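Q: Chain by chain, the residues run as shown.
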Amino acid sequence: MAVGIELEPAGRQRAERLGRLWQARPGLLGWLTTVDHKRIGLLYFFTTLVFFAAGGVEALLIRTQLAQPNEKVVSPGTYDQLFTVHGVTMIFLFIIPMTIGAFGNYLVPLMIGARDMAFPRLNALSFWLFVGSGIFIYTGLFIGAGPDAGWFNYVPLADRTFSPGMAIDFYALGLIFNGIASTASALNFIVTIFKGRAPGMSLNRMPLFCFAMLAVSGALIFALPALTTDCVFLELDRKLGFHFFDTALGGSSLLWQHLFWLFGHPEVYIIVLPAFGIATSIIPTFAKRKMVAFPLVALAELLVAFIGFGVWAHHMFSTGLATTTLIFFAAASMMVVIPSTIQVFAWCFTVMMGRPQFKAPLLFIGGFIAFFVLGGLSGIMFAAIPFDQQVTDTYFVVAHFHFIIFGAAVFPVLGGMYYWFPKVTGRLYHERAAQVSFWLTFAGTALTFFPMHIVGLLGMTRRVYTYSSGLGFGIYNLLETVGSFVLAAGLLLILGNLVWSLRRGPQAGPDPFGGATLEWAIPSPPPEYNFAVIPTVTSAYPNWDLDDRHEDVRKLNRGEWVLDSGHETPASSVRDGVLAEILDMPSESPWPVTLAVCVAVVFTMLLTSHFYVAGLAGLAAAFALIAWHSQEPEEV
Amino acid sequence: MLLAVLALAGCGSNRVNSLQPHSHAARQIDSLWWWMLGGSAVGFGVIAVLLLLGWTRRHREQLPFGGGDRAATALVVGLGIAVPLVVLTLLFVWADVFVVKSTAAPKPGSTRLEVDVVGEQWWWDVRYPASGVVTANEIHIPVGVPVRLVVTTRDVIHSFWVPELNRKIDTIPGRRNAIELLADRPGRYLGQCAEFCGLQHAHMQFLVYADPPAVFRAWLAGQARKAAKPTANLARAGERVFLREPCAACHTIAGTSADARVGPDLTHLASRSSLAANTIPNTHDSLADWIGDPNHAKPGAKMPRLDLKPADLRALVAYLETLR
Amino acid sequence: MSAVAHRAARPNGWWGMAIFVATEATLFGTLVGSYFFLRFSTPHWPPFGIRPPEIAVPLILTGVLVATSVLLQKALGSAREGRRSAAWLLILVAVVVQAGYFAMQIRLFENDLARFSPTGSAYGSIYFTLLGAHHAHVVLGILLEGWLLWRLAGGLNRYRLVALQSIVLYWHAVNVLALVVVGTQLSANA
Ligand code: HEA
Ligand code: HEA
Ligand code: CUA
Ligand SMILES: [Cu+2]
Numbered sequence: 001m002a003v004g005i006e007l008e009p010a011g012r013q014r015a016e017r018l019g020r021l022w023q024a025r026p027g028l029l030g031w032l033t034t035v036d037h038k039r040i041g042l043l044y045f046f047t048t049l050v051f052f053a054a055g056g057v058e059a060l061l062i063r064t065q066l067a068q069p070n071e072k073v074v075s076p077g078t079y080d081q082l083f084t085v086h087g088v089t090m091i092f093l094f095i096i097p098m099t100i101g102a103f104g105n106y107l108v109p110l111m112i113g114a115r116d117m118a119f120p121r122l123n124a125l126s127f128w129l130f131v132g133s134g135i136f137i138y139t140g141l142f143i144g145a146g147p148d149a150g151w152f153n154y155v156p157l158a159d160r161t162f163s164p165g166m167a168i169d170f171y172a173l174g175l176i177f178n179g180i181a182s183t184a185s186a187l188n189f190i191v192t193i194f195k196g197r198a199p200g201m202s203l204n205r206m207p208l209f210c211f212a213m214l215a216v217s218g219a220l221i222f223a224l225p226a227l228t229t230d231c232v233f234l235e236l237d238r239k240l241g242f243h244f245f246d247t248a249l250g251g252s253s254l255l256w257q258h259l260f261w262l263f264g265h266p267e268v269y270i271i272v273l274p275a276f277g278i279a280t281s282i283i284p285t286f287a288k289r290k291m292v293a294f295p296l297v298a299l300a301e302l303l304v305a306f307i308g309f310g311v312w313a314h315h316m317f318s319t320g321l322a323t324t325t326l327i328f329f330a331a332a333s334m335m336v337v338i339p340s341t342i343q344v345f346a347w348c349f350t351v352m353m354g355r356p357q358f359k360a361p362l363l364f365i366g367g368f369i370a371f372f373v374l375g376g377l378s379g380i381m382f383a384a385i386p387f388d389q390q391v392t393d394t395y396f397v398v399a400h401f402h403f404i405i406f407g408a409a410v411f412p413v414l415g416g417m418y419y420w421f422p423k424v425t426g427r428l429y430h431e432r433a434a435q436v437s438f439w440l441t442f443a444g445t446a447l448t449f450f451p452m453h454i455v456g457l458l459g460m461t462r463r464v465y466t467y468s469s470g471l472g473f474g475i476y477n478l479l480e481t482v483g484s485f486v487l488a489a490g491l492l493l494i495l496g497n498l499v500w501s502l503r504r505g506p507q508a509g510p511d512p513f514g515g516a517t518l519e520w521a522i523p524s525p526p527p528e529y530n531f532a533v534i535p536t537v538t539s540a541y542p543n544w545d546l547d548d549r550h551e552d553v554r555k556l557n558r559g560e561w562v563l564d565s566g567h568e569t570p571a572s573s574v575r576d577g578v579l580a581e582i583l584d585m586p587s588e589s590p591w592p593v594t595l596a597v598c599v600a601v602v603f604t605m606l607l608t609s610h611f612y613v614a615g616l617a618g619l620a621a622a623f624a625l626i627a628w629h630s631q632e633p634e635e636v
Numbered sequence: 001m002l003l004a005v006l007a008l009a010g011c012g013s014n015r016v017n018s019l020q021p022h023s024h025a026a027r028q029i030d031s032l033w034w035w036m037l038g039g040s041a042v043g044f045g046v047i048a049v050l051l052l053l054g055w056t057r058r059h060r061e062q063l064p065f066g067g068g069d070r071a072a073t074a075l076v077v078g079l080g081i082a083v084p085l086v087v088l089t090l091l092f093v094w095a096d097v098f099v100v101k102s103t104a105a106p107k108p109g110s111t112r113l114e115v116d117v118v119g120e121q122w123w124w125d126v127r128y129p130a131s132g133v134v135t136a137n138e139i140h141i142p143v144g145v146p147v148r149l150v151v152t153t154r155d156v157i158h159s160f161w162v163p164e165l166n167r168k169i170d171t172i173p174g175r176r177n178a179i180e181l182l183a184d185r186p187g188r189y190l191g192q193c194a195e196f197c198g199l200q201h202a203h204m205q206f207l208v209y210a211d212p213p214a215v216f217r218a219w220l221a222g223q224a225r226k227a228a229k230p231t232a233n234l235a236r237a238g239e240r241v242f243l244r245e246p247c248a249a250c251h252t253i254a255g256t257s258a259d260a261r262v263g264p265d266l267t268h269l270a271s272r273s274s275l276a277a278n279t280i281p282n283t284h285d286s287l288a289d290w291i292g293d294p295n296h297a298k299p300g301a302k303m304p305r306l307d308l309k310p311a312d313l314r315a316l317v318a319y320l321e322t323l324r
Numbered sequence: 001m002s003a004v005a006h007r008a009a010r011p012n013g014w015w016g017m018a019i020f021v022a023t024e025a026t027l028f029g030t031l032v033g034s035y036f037f038l039r040f041s042t043p044h045w046p047p048f049g050i051r052p053p054e055i056a057v058p059l060i061l062t063g064v065l066v067a068t069s070v071l072l073q074k075a076l077g078s079a080r081e082g083r084r085s086a087a088w089l090l091i092l093v094a095v096v097v098q099a100g101y102f103a104m105q106i107r108l109f110e111n112d113l114a115r116f117s118p119t120g121s122a123y124g125s126i127y128f129t130l131l132g133a134h135h136a137h138v139v140l141g142i143l144l145e146g147w148l149l150w151r152l153a154g155g156l157n158r159y160r161l162v163a164l165q166s167i168v169l170y171w172h173a174v175n176v177l178a179l180v181v182v183g184t185q186l187s188a189n190a
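Residue numbers (our numbering), protein chains in the order written: chain A, 1 to 636; chain B, 1 to 324; chain C, 1 to 190.
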C-alpha cells in the first residue's frame, strides 16, 4: 500500500474478507491442486532450478572430460548423451520454463493488475505437463537411453537404422510432450495480457516486460508446431516405418533440418526476449528514470520475434543449398540485428541519463549488456556466409551461443532473482554477497566461454569427446574448465545468499527499490488475491503515479473496485484496456494434475509401442477434461 | 583478451588453424575475419564506453555531452538503426556478394582433377574417378591446382573440413555437394569431420597432402597399380589369413580376391601415414593393436574384433606392411 | 459493479480458441509445407505405380463439410437470442452431417490404403499423415459438439454460450483447413 493514506477499519475488513475468499488450500494437496499463478510460478521456479542444476552438472562433466587431451572421464557414448541432454535440458527444461513459467507466471498478472491468469487451471496443467515431460526425458538418461544425437538431432543419424533403441524416442516424444505444455502456457499469456489488464492500461501503457512476454508467447504459438511436426514425422519413420526422411524412397533428410530450424531460430529469441523484459524492468528502477525511447523498444521486442521466423537457414549454410537461398537468409540475419541494437542503445542511454545505483540486479544487467553485445557481434559474423561456413560446427559457435545464452539470457534471470526476491519472500537479500556473486559469475562466464572462440578458430570441432594433444587446444580447454568451476561457485553463492536471506534477511516492505510497475504497489509477499482494489492505470509507470495509488487506498476504504463477492477479476478490452466484464475465477482443482498424469501415460505407452493402452489413456484424459469442465463459473 | 585473439595470428605450424590460410578462398575468409574482428572491437568499445560512463558519472538527468530525452532518442535511432544499417550493408556486400564467389564450388568439368570423397561412420573413402584410384583417409592433390571435390555419404551426415584450405561442406544423403580444394603451398593439412555423426565423430579425421605435380603424378601412378604379391614367407601366410578370415568380406586389396567395400581399401595401406581416420599412426605396433582390437583405439569402430591367433596376427601385419 | 452485464469485448474463451486455432493452422502449414518440399525434391510425384487422387468425390465431400459452418453459425445466432432448442437442433444436424462426412472419409481412406501404403514411399507418408491430421481434427470437433449438446440439454448460460462460440470458431477453422488439405492432395494431379 502506498504510504500517506490511512487504511480505515472498513477497508481493512474488506481486505480480510478477500483474504478469506482467496485463501489457498493448505498442505501438499494445496500445492497439487493450486491454480494460483504465484504458487504455480514458484513451482516452476524450483523445478526449473533442479533441471538447471542437472544441466549444470552435465556441463561440468563435459568440461572435466575436455580439460585435457585424451581424457577418459566418461565413455564416448556417455559423452554424447551428456551434451545432448545438457542442451535439451538447458533449453527446454531450464531457460524457457524459468523465464516464461516462473518469472512470467509470477509477474505478468501482478504487473497488469490482475488477480490471476486468464485460465488458471490451464496454467496448472501447463506446469504439470512440463514436469511430466522433464521426468520423461530424464527417465531415458537414467536407464542409459538418454538422447545422444545432439540437441538438433539430425537425421539420418537419428533414424532407427543408425539409432536403434529408445534414446531418440525419448527425445522426440519428450519434445512433443514439452511442446504441449509450452503451447498451453503461451496461449494463456496472450489471453491474459490481452484481456486481463487493469482498467486504463492501454497497450501503450503496458510494462515492457509484458510486451516481451507477449512477443515470446506469439513466437511460441507459431514456432512450436514446426518442431511438433518434425518430431511426429520422426516417430512415424521410426515406429511405423514411414519415409519422410528416407532419401531412397522420396524422403529428404534436409526436411528435418528445415523444420527444426524453422522452430529453432525463433526459439533463440524466445530464450532471450524474457531476458530483455527483465532488463527493461530493472533498468528504470535502478536508474531512477523512465526508459529512453519506450515505443521503439516495445516495437523492437515485437519485431525481433517476427523477423526471427525468416532466418532459419543460417544454421544450414554448409549443407550445400543454392547460393541465392543462402544470400537471402544472410540478409535476413543481418536485418534481425537491428531491433537488438535499438534496445542495447536504449538501455545504455537510460542508464547514462539516470542516477544509477549499481546494486546487484543492475550489475547483472550491465554484465548482460556486455555479453549480449559480444555474443551478438559473433552472431553477425555468422551472417557473413563464407565465414560461417568456416567456423560452423566448431567451438566458435559454442562460444557465440553460450555468451548470448548464459551471458544474455541467464544473467538477467540471476539479476531478476535478486530483484524480485524481496517481493516474493518479503525479505532483502544480502547486497555485498550478491555483488561478489556477480563478479564471480561474470569472471566465470568470461573465462569459460571466451577461449572457446579461439579454440574454435584453431579448428576444434564441437561434440568431440576428446582431442589429441598435438593440436594446441589443451591450454584453452583447461582455462574453460577452470572457468566453468568458477562459474559454478558463483551460482552456488547466489543460491546460498537467497537461502540465507530467506530466514535472516531484513524485512523488505512492499517497495524496497522504488519500482515502477504494479507489483511494487502491494505488500510483500503478495496476498493471495494480489490487489485488494483493482488499480486504475494512467501511465506506463503506474507505481510512480502516487496519486493513483493513494486513490486505490481510498477506494478500498469506500469499498469500490474491491470485487469481493467471489473469486472475481475484471476482464478488459484488448487495445485500450477498457473494463469489459467481471469474471468469476475457478479455485483449486484436481483435474489439471490428473489430466497431466493421463497424458504422461499416453506418451509412455507410445514410447513402448503399446498403442492401444495409449488410446485408453487418451480416453481417460477425455474424461478428466469433461470433469474439469463440469464446474461452471458463477454468473456475475 | 583481445591480445589473446591477436596472438592467434602467429600460431605454430603443424596444426589445424583456420587463421593460417593456404589458399585463395581461405585467405579471403581470413581477411574477412580480421576486418570483422576490428569492427566488432569498435562496436564493443562504444558500448563499453557508454556503460562505463553510466557507471562513473552518476547523478545526471542529461547525457554527458548535454541533451535530454529527445537527444537520447535521436541517438538510439542513429546508433541503433542508421549506423548498423550502413555497417551491415557493407559487410553484406563484401562477404555475401563477393567473398562467397571465391569460396564457391567449381562447376563440374571446370577443373583438371576431380576427387570423390564418401563419408562413412567413421572414415573417408577417397576416389579418383579419372584414374580409378581408390584410397582412404588421405587425399593427395597437386599443389597450386584447383581440384573439384565431390562429397557424398553412404550413411549419415558428415562434414568435410580442412580449415587451412577452405570452408566446410556437408555430406547430405541423396546430394552431391562439391567444394574447391586448393593448396598454394606444399604440405600436409589436417582435416576433420565437422558434423556430429555418432560415437567416433571425434576420430573421423583425414589428411590432405599437397604435393609438387611430379610427386603427385608418381603417387597417383603408384596407387593405380595392383598390390604386389608378397614374397616373404610370413607375408605370404598373412595373405592367406587375410583371405581366409572375414577381412576379405569388408576390405578390398586389388590383385587379390578381396573386393568388398565395407571398410577402407587396403591395396596401398602401407603408403599411408595413419590408420583408422588419423586416429593412430601407421606403425607396426599400432597396426597390430588395431587388428587385434579396433575398439581399443577407437571404441565403437565398425570393424569387429576377430580374436585371431597370435601367429595369424603377426602374419597379417607382415602382409599388410608389404602393401606399399 | 454489475453495471457491466453486457459484453463490450470478445470473451476470454473465444480468444483462447482463436489462439489455439492459430497454432493448429500453423501445424497444418508445416504439414502442407513439407508436402510441397518433398514434392519438389522428388522427380516423380506421385511415384510410379500410384495414381494421383480422384478429384470429384473428395471435393464434393469437402463442400458438404464446409456447409456445416453455416449451420453452426446459425446455431450461434439462435443461442445468442436465447432460442436454445433451435440452437440445439442446428448443432445436431451439423453433427450428423459431419459424422456422415467422416464415415465416407474413412471409406476413402481404406480404399487409398488398399492402393498404396504410407510405408511405401515419402508420398504415401505425407499423404496419409496429412489426411490423418485432418480426420483427427474432425473427430475432435464432433466430440466437442457432442459434449456441447449434452451441456446445452441442461440449459443455456453464459459459460455455455462462450463454449458454443468457441466451438463454432474451431469448426470454421477446421473447414478452412479441410479446403487447404484437399487442395494440397489434389495438386498431385497438376
Ligand atoms: C539467446 C539465444 C540467441 C540469440 C539472442 C542469438 C542471436 C543471434 N544469432 Fe545465434 N545462436 C544461438 C542462440 C542465439 N543467437 C544458438 C543456441 C545457436 C547454435 C545452435 C546450435 O548450433 O546448437 C546460434 C547459432 C547462430 C548461427 C548459426 C551458426 C552456425 O551454426 O553456423 C547464426 C548464423 O547466422 C546466428 C546468428 C545470430 C544473430 C545474427 C543474432 C542477432 O540477433 C544478434 C543481435 C545482437 C547484437 C548485434 C548485439 C548488439 C550490438 C551492438 C549494439 C553493437 C553495434 C553493432 C553494430 C554496429 C552492427 N546464431
Ligand atoms: C540455456 C542454455 C545453456 C546453458 C545455460 C548452458 C550452460 C553451460 N554450458 Fe552449454 N550448451 C547448450 C546450452 C546451454 N549451456 C546447448 C544448446 C549446447 C549444444 C548441445 C549440442 O551440441 O547438442 C551446449 C553445449 C555445451 C558444450 C559443448 C559440448 C560439445 O559440443 O561437445 C559445452 C562445453 O564446454 C557446454 C558447457 C556449458 C557450461 C560450462 C555451462 C555453465 O554455464 C553451466 C553452469 C551451471 C551450473 C554449474 C549449475 C549450477 C546450479 C545451481 C547453482 C542451482 C543449484 C540448485 C539446486 C541444487 C536445487 N555446453
Ligand atoms: Cu563424420 Cu562427424
Ligand atoms: Cu539462428
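To be clear, the hints were calculated from the coordinates, so they are not data collected in a lab.
Since the model is a prediction, treat every value here as computed from it, not as a measurement.
Where a beta carbon is used, it is the ideal one built from N, C-alpha and C, also for glycine.
Treat the hints with care, since some could be wrong.
Claimed, not checked - Under 7 angstroms between C-beta atoms, here's a sample of chain C residues computed to sit facing chain A:
id, residue
1, ASN12
2, TRP15
3, ILE19
4, VAL21
5, ALA22
6, THR26
7, THR30
8, SER69
9, SER117
10, PRO118
11, THR119
12, SER121
13, ALA122
14, SER125
15, TYR159
Q: Evaluate each hint against the coordinates.
A: These are the hints, each one checked on the structure:
1. Against a cut-off of 7 angstroms between C-beta atoms, the interface hint on ASN12(C) holds, since the closest Cβ of chain A lies about 5 angstroms away.
2. The restraint placing TRP15(C) at the interface with chain A holds, with a minimum CB-CB distance near 5 angstroms, inside the 7 angstroms limit.
3. Among the interface hints, the one on ILE19(C) holds; its C-beta lies about 5 angstroms from the nearest C-beta in chain A, closer than the 7 angstroms criterion.
4. Hint status for VAL21(C) relative to chain A: violated, with the closest Cβ pair at about 10 angstroms, above 7 angstroms.
5. Among the interface hints, the one on ALA22(C) holds; its C-beta lies about 6 angstroms from the nearest C-beta in chain A, closer than the 7 angstroms criterion.
6. The interface hint given for THR26(C) is met, as the beta carbon of that residue sits about 4 angstroms from the closest beta carbon of chain A, less than 7 angstroms.
7. At about 4 angstroms, the closest approach between the beta carbon of THR30(C) and any beta carbon in chain A falls short of 7 angstroms, and the interface hint on this residue holds.
8. The beta carbon of SER69(C) is not positioned within 7 angstroms of any beta carbon in chain A (closest approach about 23 angstroms), and the interface hint is therefore violated.
9. Among the interface hints, the one on SER117(C) is violated; its C-beta lies about 9 angstroms from the nearest C-beta in chain A, farther than the 7 angstroms criterion.
10. For PRO118(C), the shortest C-beta to C-beta distance to chain A is roughly 5 angstroms, which falls under 7 angstroms, so the interface hint holds.
11. Because the smallest distance between the Cβ of THR119(C) and any Cβ of chain A comes to about 4 angstroms, under 7 angstroms, the interface hint for this residue holds.
12. Hint status for SER121(C) relative to chain A: holds, with the closest Cβ pair at about 5 angstroms, below 7 angstroms.
13. Residue-level restraint check for ALA122(C) holds (minimum Cβ-Cβ distance to chain A is 4 angstroms; threshold 7 angstroms).
14. The beta carbon of SER125(C) comes within 4 angstroms of a beta carbon in chain A, closer than 7 angstroms, and the hint placing it at the interface holds.
15. Proximity of TYR159(C) to chain A holds as hinted, the smallest CB-CB distance being about 5 angstroms (cut-off 7 angstroms).
In summary, the numbered hints that this structure violates are 4, 8, 9.
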